[in-house]
Every structure is written in C-alpha cells, then in structure tokens.
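> Read off the chains here:
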Amino acid sequence: MHHLIDSAKAGDIDAYGQLIDQFSGTVERFAFQIGVSYDDVPDVSQEVFLRIYRFLHQFDGESSFSTWLYKITLNVARDYGRKQSSIKSKTELLKRQQNIDASVVEPIEMQLLRDEEDRYLYQCIQELKDKYRIPIVLHYFQDLTYQEISKVIGAKESTVKVRVLRGRNQLADKINNSLVKGGINHG
Amino acid sequence: MDDKQLDKKLKKLRSSMDGIPSRTDKKLILSEIQSGKKRWNTSNLIIYAGSVACLLLLSLLLIQSGTFSFNNADDGFLLSSEDEEVVLLEYGSIGIVKQDFGNNYLFSSTSHNLIIENNVRGMSENAQPAVLEYHLGIRNNWGETIGSIKDFSPETNSYKNGVKVHLEPRKSLIEVMDEVLGYNLFERPVFYDGLPVIPSIRGGVYSLSFEIESDREYENSSPFLAESQRKRLLEEAGEVDVVLTIKDKEIARMYLNETEMLHIAPISDEGGYNEKE
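Read top to bottom, the protein sequences are chains G and L. Going letter by letter, the first sequence gives residues 1 to 187 in this note's numbering. Going letter by letter, the second sequence gives residues 1 to 277 in this note's numbering.
Keep in mind the hints are simulated off the structure, nothing from the lab. Treat the hints with care, since some could be wrong.
Said to hold, decoys possible - Calculated cross-link-like contacts (lysine-lysine; reagent style BS3-like; alpha-carbon spacing at most 27 angstroms):
id	chain 1	residue 1	chain 2	residue 2
1	L	27	G	9
2	L	12	G	129
3	G	174	L	11
4	G	71	L	11
5	L	12	G	174
6	G	156	L	26
7	L	12	G	71
8	L	9	G	131
9	G	71	L	27
10	L	11	G	129
11	G	9	L	231
12	G	131	L	26
13	G	131	L	12
14	G	174	L	26
15	G	129	L	9
16	L	150	L	8
17	G	131	L	4
18	G	174	L	9
19	G	151	L	11
20	L	11	G	161
21	G	129	L	8
22	L	12	G	161
23	G	129	G	174
24	G	161	L	9
25	L	4	G	129
26	L	8	G	161
27	G	71	L	26
Stated by the list, open to error - Rough simulated footprint, nothing fancy, chain L against chain G, three-plus residues with beta-carbon under 8 angstroms:
id	segment
28	20 to 26
29	68 to 79
30	145 to 156
Said to hold, decoys possible - What follows is a list of derived Cβ distance ranges for each label pair:
id	chain 1	residue 1	chain 2	residue 2	range
31	G	143	L	5	19 to 27 angstroms
32	L	19	G	158	32 to 40 angstroms
33	G	169	L	20	21 to 29 angstroms
34	G	2	L	52	35 to 43 angstroms
35	G	158	L	8	26 to 34 angstroms
36	L	48	G	156	40 to 48 angstroms
37	L	57	G	51	31 to 39 angstroms
38	L	31	G	62	47 to 55 angstroms
Glycine included, each C-beta is placed from N, C-alpha and C at the ideal position.
Okay, chain G solo, but in the shape it has when bound (with noise of 0.2 angstroms):
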C-alpha cells in the first residue's frame, strides 16, 4: 500500500486509482454507518478522495493510512450533514406545502437492509449522540482498536473506552425498551 501511496504522491494516478479501489468500501460503509444517507454516500466518498488527493504530499506515512481515511471521511461527513440539514428542512418544507406525507416515503436506509432487527438497531445506532455513535461504528464495525480511536476521533483511549461502553448501554436500553412496548416491529 506504501508503494501506491508514494507513487500517487508523485502523481501517479493510475497508483491512485488502485487506492481508491482499495479503500472506497470501507469509505462508503463508515460514511453510511454514522448516519450519511444511502443516496448520499458516493457524493461523500468522492468528495473524501478528492480531499485526500489534494493533502496526500501531508501524509507523512508516520500514522496508518486507514486512521487518516476515517478522520477524512468523518470531517466530509460532518460538513456533508451541515450542508443536508439545510436542504432538509427545506425539501420537507416544500413537501409539507405539497401536501406529501413524509412518513409514508420509506427511506432508501430502510429498503436496504431488509432484515428488521438490523433496521431497528441501525436507527437506534443514528439516535446516538455523535460522542457515543462513532466509536460504537468504529469499534464494532470497523474493527478499529480503542487507540486507534482515540486516534481519529482525537480524544484520549480512556475517554474512548467510556464512550463506547456507555454508548452500547444505551444501545441496549433502546432495543430493551422497544421489547418491553412490544416489539421492535414499530421501530
């Protein structure tokens, strides 16, 4: 991979063009786990290899490539949900002036993943506090270590190690509640 990067460096792009293959899955499911809509995922991603080509000559190789391509991807990301937001509240205050309902347009999240379970839990996933979701994402879904973590997220181990602790506790108060109100069909 360090071949790649040097020679992508030098302004190989077919070099880059391999890394981009490499590494877009892992861009396009994290984006996609910490809440970026489907629809919205390729528009992330390209705007996170674009931004990584354009500081690549910053890489200096010292910290893994993949911990620089987690905090590319959750800063895009971010910007990505500030800009959404706005058009959000935009497009549904148009819907609503058009009389569309919004709740009966299932969300292309919600087709996806069809089993039932895994929709709940996702969606309990996204109601997490940003502090809480994005270590649980990068931990259990990205297999990252607690230091790798408290790499991209630049907190300490020990506030990573809390804050996936407390994020699954309440990740298991969410799916324990919707038990108790009788299922997790209304989720």
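Starting from the known structure of chain G, arrange chain L on it as the hints suggest.
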C-alpha cells in the same frame, strides 16, 4: 438484553452493511483530479501573472503616494510630503557677525524698525548691529522643482507658492536665549535671503539673520553682549529645526545639529565677533 445478544445483533447488522455494493465512481474522481490539475496549472499561471501585475501596480502606487509621494496642489505644482530624503539639509553654517547693511539696509525686513529706533534712540545711522546668521544649503533630491515663482505678492513681498524656510528653536536654545538675551530671538524679524524655488538636484541656499544687539525694546536685555554670552549663544545655535513650507504647509523639517556638514564660525579675538565671510 445481555452483552452477548447485543454483540450478536451488532455482528449481524455489520454483515448486512458489508454486503452493500460500492458505488464510488472512480472514473469521475480521477477525471476531477485530472481536470483539477489543468485548472490548477491555468490558475497558477493566472495567479502568477496577477501577482506580477499587482506588484507593478503596488510599486506605482508606492512611488506615487509613499516614500516619494508628492501631492498635487490646487495650482498644479507639486508639493512634497514630509520626507527628509527628498529634501536634504546638505550643509549649515552659523556665526555671530557684525552686519553691515551699507546702502542696502532698506531692503532688509527689519530696516524700518532699525531706522525708527535709531531716530528715537538718537543712535548713529551707521550703527552696525550684530546678527546671529545662518546659511543653509538645501538639496532637492526629487526629480521636479519644488515651489513656484508664480503669484508674487508685493504686499507681503513673497511668492504665494514659493518655498519658505524658517527656523524653530528647540527648548535648550530658547532657554539660552532667555538667559543671555532675555527674549526669543527667533520671534523677532528676520533678514531673509533665498529663492522661492529649489531646483531639482541642484538645491538652493538660504540665509537667515537675526539681529541681536540693536534691540532695546526689552529692558532686561543688554544693548551689547559680552563675548562669553555670544559664545554661549553660539554653542546652542544649532539647536534649531529648519522648516520648509509652501503656502504655510510644512513640507520638510530637518534638525540642524544633525547635519553632517555644520560649520560654526569661531568667535574672533578682536571684538568677540565672527569675521563676516
């Protein structure tokens, strides 16, 4: 729900998400990068050209309004800003001399007072007052003549747009004048000689003389100064600012004692005056 159950659910969700196909458009990204490079090269060229143009423009603006700035006056000629580099005090000469006006005293600005005083006081019309005299060489380093000979005013015997030079004594000289003379000599009429224009590069010479001993308006002042008093006065005589003005607007100010070529004429043994050069 126990930990194991939650872990199981999380793993299941992860597997579902891992199955989502990649939709990143690699070709689009690479073409964006390629076109971005082209744009970058073009914009670099534009930035480079723009920078050069900006530098040129900035240089022109600096020349016009900065260190070498001169402001257009109402009447079309140029006034320099307060810049000592443009107008330079090249040399200065100071002395206390017996001034012999001869037949030209009528042209001196103080001659009228002198005649009246002499009549009142009954002094000889051939009285030769001592004067503190300054000769100043002022160089114009600017590419244009400073000042103008247009609009001569016979009432004030001066040129409206001409350069004028006056001296402003500093505190130490004022104190010495107060101690020796009992008044500020520089507030008295001055014998002035100098052109209203300073030609470019060549410069001009200005002479200013201040009458010392003929003034008897002040009771505390001595009619004639002792040699030690003259020496004392001469020692501090360089403590003046040479000020150039046009239309009463200050265009340059130079400290006489800082002039590299400053000559203070020694007091001669005979009579305690400098010999007039």
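> Okay, which hints does this one fail, numbers in order?
6, 11, 12, 14, 16, 29, 30 and 38
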